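Given chain F, work out where chains Z and L should sit, using these hints.
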Amino acid sequence: MGAYIAKRVMLSFATLLAVLFILFMLMDLMPGSPFNDEKQTPEQIARSIALYGLDKPWPARFGRYALNMLTGNFGVSYVISKNIPVTDLLKTRFAVSARIGLQAVALGASLGVLLGVASAIRHNTLLDRACALVSVIGISIPSYVFALTLSYAAGFKLGWFPLLYQPKQAIASSVLPTVALSLGPMASLARFSRAEMLDAMDSDYIQLAKSKGVHGPRLIASHMLRNAMIPIVTVLAPLVVGLMTGSLVIEKIFSVPGIGSLLITAIQSNDYNVAITLSFIYCAMYIGFMLIVDILYGVIDPRIRLVKEAGFHD
Amino acid sequence: MTDTGAPQKGRMEDRRRDGAASDGGLGADIPGADSLRADRSLAGRFWADFSRADSLRADRRRADRELLERALAGRFPKPRLISPARLDPFADDDFDSLEAPPAAEESTVGAGGGFWRDALLRLRKNTGAVLGAACIAAIVAMAVVGPMLSPYRYDEQIVGNDSMAPRVPGIERLGFLDGGETLKTSTGSASVNKYRDRPDGDGLYYWFGSDTLGRDIFTRTWEGTRISLFVALVAVVADILFGVGYGFVSGYFGGKTDIVMQRAVEVVNGIPTLVIVTLLILVLKPGLLSVTLTIMLTGWIGMSRMARAQMLKIKGREYVLAARALGAGHLSLIFREIAPNVFGQLLIMSMFSVPGAIFTEAFLAFIGIGIPVPMASLGSMISEAFKSMTVHPYMLVFPVAVLAALMLSFNMLADGLRDALDPKMRDL
Amino acid sequence: MAADDAGGANGMAGAGGANGAGGAGGGNGIAGTGGADAAGNAGGAEYAGGADGADAILKIRGLEVAFKTTAGTVRAVRGIDLDLRRGQTFAIVGESGSGKSVAAKAIVGIRARNQSVTAGTVEYAGAGAGALAASAARKAGRAGGGAGQNACSDTSQGAGQNAGRAASIDLLRLSERDMRRNINGRRISMIFQDPMTSLNPTMPIGRQIMEPMLLHSRASGISRGEARAKALRLLELAGIPDPAGCLRAYPHQLSGGMRQRAVISVALACDPEILICDEPTTALDVTIQEKILRLIKDIQRRTGICVVYITHDLGVVAKVADMVAVMYAGRIVESGTAEEIFYDPRHPYTWGLLLAVPDMNASGERLHAIRGNPPNLLHGIEGDAFAPRSPHALKIDARRAPPLYQISPTHFARSWLLHENARPPEMPGELRARIDGMIAQALADARH
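These protein sequences, in sequence, are chains F, Z and L. Sequence positions in the first sequence follow the numbering used here and run 1 to 314. Sequence positions in the second sequence follow the numbering used here and run 1 to 428. Sequence positions in the third sequence follow the numbering used here and run 1 to 448.
Be a bit skeptical, because a hint or two may be false.
Said to hold, decoys possible - Lysine to any residue pairs mimicking SDA-like chemistry, simulated, CA-CA at most 20 angstroms apart: (1) L/Lys68 / L/Ser96; (2) Z/Lys78 / L/Thr410; (3) F/Lys7 / Z/Glu266; (4) Z/Lys387 / F/Phe156; (5) Z/Lys285 / F/Ser269; (6) Z/Lys387 / F/Ser255; (7) Z/Lys285 / F/Leu29; (8) Z/Lys285 / F/Asn273; (9) L/Lys68 / F/Ile121; (10) F/Lys82 / F/Gly72; (11) Z/Lys125 / L/Lys68; (12) Z/Lys285 / F/Asn270; (13) L/Lys395 / Z/Asp93; (14) Z/Lys387 / Z/Gln157; (15) Z/Lys256 / F/Leu11; (16) Z/Lys387 / F/Tyr152; (17) L/Lys68 / Z/Leu121; (18) Z/Lys313 / Z/Ala328; (19) Z/Lys387 / F/Thr149; (20) Z/Lys78 / L/Arg423; (21) Z/Lys387 / F/Ala153.
Bear in mind the hints are in silico, worked out from the structure with no lab data behind them. None of these values were measured; they are calculated from a predicted model.
Only chain F is shown next, with the shape it has when bound in the complex (with noise of 0.2 angstroms):
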């Protein structure tokens, strides 16, 4: 175990440099640079180079900037509010859109693993069917269609929840973007659970234990259930990256004042660093997030956990 989570976290470490290259070519690629537009005499702007380390071989600058990345020193906004360090404006933000995220996760999560499992137990009956068409009007419609119902729905038509988001009804207003968010993940989890709750199902090790008098709750805990979660939880990661993805347009529809508006925002006025950061930020999250599911894999398959060091050959 050991062993494999410390190769986890080694290319976790890698994608995340990887990452911070292709950022840092960015940087360096966009048009312009950082002291242009202020009205600066060659002598400063040559200080200021010199101060940056900008005079310095590429290898240089990108230890310097990988450094400050990971250590949170994102540099200032260049034009959504000027000269402001990016980590001020990320602060309340982050909060808001990590709630909304990871109330969207369990909830999401958590519902289709059930429904999958549910109507996968209850094969080809009624509830089995309306789950599925349930999941595939899930996949199929994108969440901001869902969300612009929920939001004329339940917010305008029904005024059960504030249609915009108020930060001082923080908990009542992240209603609605967490339903709307974990629509998708809930949806294709729970199809792909009840995918893989059938194969389970099917297995020639169900039907022995079967034949040694399993069943009932026991079979489905310890014998489906565990084998089932296996495939399951390798979906989590892509599922958080149409999370990510689905955050901007939940935030912009219900105006909730997250990092995914604020990287909308970003990109609309051109603000590279603000945008830049918030990339990092997203991969940052996404790589941990995948960290996290690969040792879970490992903590749940065997397989992964043990290798056959110990072989009992014929």
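Positioned in the frame of chain F, the structure of chains Z and L alone reads:
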């Protein structure tokens, strides 16, 4: 051969499993003569084994001597009818031998017809897939002819004709789609019909209504569908070509090539789509090209994984090995032997990626970094309509309905195709 | 459904006649769970395959299994009758698709989602039957042991005989819960073809062996520690070198042969009375095949359990079987003791199977294969299912389903060739020669 090997002996036997000595028991070695033929199947030794005294049966049942001697003398017992107790009368020729036995059925159990014909049959039985296909056909047809049906052009802004509710000739008599809408005012809600309020309103029809700039939503919806479909198709074709190429090369050559290429994929996969989109838009500026490029760059990874997996599966098959042994080159192997067998999977995969591409295009347009104005796409129309959603919800209904129908149909068709082409996955 | 059996008028077997030869066929008529389908079951009870049907612990009568597929209903098992006895090794032989595996799984209550048992009974009369029958009777509010007792008039003698013996219960009528709790693992265990996939990959071997013991602990009163000790003993018995280490290991750490030994340990955990082995060695290489067969045989010698082999490998059959049933297209076409099947085969399909086994003693011979393919069970089968492939087919084979003939108290075959009107059939010369050689050698051995 002894049969009393204690379990301990068996264990010892296994522990020195390469030892030649054998004392029988559980893990007993096969006697020397047999190990010479160890590569043959057990069935191969059947004729020798059966009558031999060391057969596993021997201790229980010595050959029935009477039976043997009778058999050797060719005296076999006569069969006696026991079921049914009485036979119906026979036809005269019943016991003639069947000179030309009916041709043995060539098809194996459960099969029948060719693979593709079978698949098509299964596809046609799938209601969802048929509905999906019909819906796609209808939407494509409307995307082609729709903009020509209406008197307006998609970018034609008519001052004064803004925010007209949908009005369709004929249906308007039924009491809806008659140009009326309910507006919320400070005192409550009021029913308004802009067409009636105008002197020239009689001959004026906006089938899907008009937007806040006085453009015809009907024309724009089909124009937008055109763009959405076009972008999606171009992107999907491109990412199939790129993804399949990458996956095939990686899987076919294997070894170091594969390791390097897969590490690269892993790194790229560690970057969320959203970030790739952001960076591309930062470099390229919004437009048709960058949108298409974005979808291509994010779509190929899944495709390449599928192509690689299929390649790995098929390249070890006997018929490919046979072709290779006959001297087929790389290209001929890939295209002649392998590609045709991946085609089904490819078809399914591309069907699944079309709705993904449509979604990405609409998503980009919705957050305002997609197709630039005045071009219409479903996403940008939804984005614009969203701003006046609480006042004129009808502006949202049509583009959203078309988009949702399109994605749903593609998904259902893809599902049906998968079930039809991959009978293993088929629901029983 | 019964159309293919049209030739067999609805005769209820002559169990009385069979009794003259030692009571073959057992006393029981058809319990007829299928009800509507009596004609389809007309094979009835005669396929005892043993000397005395009454002492069988498992009596299968008229078992039919069907699959629903998108193309239609596949009748995989079209009525089979078998008697299983303690200490006996039974082999069911047939090509893939002959329904042998499906039948075995149906007996132990394992079926795919689209599969259903459409007719027949599986009467269990082992140690647990009394209690089960009593509780079933209580539930149903009728007299115990009823399942097997609704005998037809001409079998009343046998039925009376049976009434005095231990109670029996129809496994097919048990609820899934009762089946799992009282039969599976405890009374009937099963070993599957592929040891690579038949162990749960996420559970240590030890837990998988202990699981059935602890599940059935209410009956056996076994404690966790005792279960552990027993699991260790079982692994040792199965010839695994380091039982304690294996107890903790996961399936992927074991080789195929070792996994099959672990599966055998799982199957034997609760000392079952019947062990069904579904192609237990096909997935293993030859040297390990032999070890596994010896292992099962050895365990059978010690415990006296009944072992059923489902196989297409006549080599396995020759090695281990006491009784053999040859299956074709969902039916048993010939059954008897191993000697009867190998020294005196009567059905042309059995001839084909035997001839298809290459003779290693004769070099340079060509291989004999049975021409054609098994019939598609999706379509109804008219006449003899094997006729289209048989070089000995008669015209009647295409018209009427063949009747059942008895050759000896234990030997049965279902073919029109055995009818008195048919020209006495000649088995292929080469097979004749091989069998004669075999008989000569066996006689020589026996004289020693």
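Hint check:
Our distance criterion of 20 angstroms between C-alpha atoms is met by L/Lys68 and L/Ser96, whose separation comes to about 19 angstroms. Proposed proximity of Z/Lys78 and L/Thr410 is supported: the alpha carbons are some 13 angstroms apart, at most 20 angstroms. Proposed proximity of F/Lys7 and Z/Glu266 is supported: the alpha carbons are some 13 angstroms apart, at most 20 angstroms. A threshold of 20 angstroms between alpha carbons decides the hint, and for Z/Lys387 with F/Phe156 the separation of about 13 angstroms falls inside it, so the pair holds.
Under the criterion of a C-alpha separation no larger than 20 angstroms, the hint pairing Z/Lys285 with F/Ser269 is consistent with the structure, at around 11 angstroms. Note on Z/Lys387 and F/Ser255: the hinted pairing holds, with a Cα-Cα distance of about 12 angstroms set against a maximum of 20 angstroms. For the hint linking Z/Lys285 to F/Leu29, the alpha-carbon distance of about 14 angstroms falls within 20 angstroms, and the restraint holds. For the hint pairing Z/Lys285 with F/Asn273, the CA-to-CA distance comes to about 16 angstroms; that is within 20 angstroms, so the pair holds.
Between L/Lys68 and F/Ile121 the CA atoms are separated by roughly 19 angstroms; this keeps the pair inside 20 angstroms, and the hint holds. A C-alpha spacing of about 19 angstroms is found between F/Lys82 and F/Gly72, which places the hinted pair at or below 20 angstroms, so the restraint holds. Pair hint Z/Lys125 plus L/Lys68 holds up; C-alpha atoms about 16 angstroms apart against a cutoff of 20 angstroms. Only pairs whose Cα atoms come within 20 angstroms are accepted, and Z/Lys285 paired with F/Asn270 is accepted, the gap being roughly 10 angstroms.
Straight-line distance between C-alpha atoms of L/Lys395 and Z/Asp93 comes to about 7 angstroms, which keeps the hinted pair within the 20 angstroms bound. With a C-alpha separation of about 18 angstroms, the suggested pairing of Z/Lys387 with Z/Gln157 holds against the 20 angstroms cut-off. A hinted pair counts as satisfied when its Cα atoms are at most 20 angstroms apart, and Z/Lys256 with F/Leu11 qualifies at roughly 18 angstroms. Restraint check for Z/Lys387 and F/Tyr152: satisfied, since their Cα atoms lie roughly 12 angstroms apart, inside the 20 angstroms limit.
Taking the CA atoms of L/Lys68 and Z/Leu121, the gap is about 17 angstroms. The hint holds against a cut of 20 angstroms. Restraint check for Z/Lys313 and Z/Ala328: satisfied, since their Cα atoms lie roughly 19 angstroms apart, inside the 20 angstroms limit. Distance check on the hinted pair: Z/Lys387 and F/Thr149 sit about 14 angstroms apart at the alpha-carbon level, within 20 angstroms; holds. With a C-alpha separation of about 13 angstroms, the suggested pair Z/Lys78 and L/Arg423 falls inside the 20 angstroms cut-off, and the hint holds.
Among the hinted pairs, Z/Lys387 with F/Ala153 is consistent with the structure: their alpha-carbon atoms are about 16 angstroms apart, no more than 20 angstroms.
The structure shown violates none of the earlier numbered hints.
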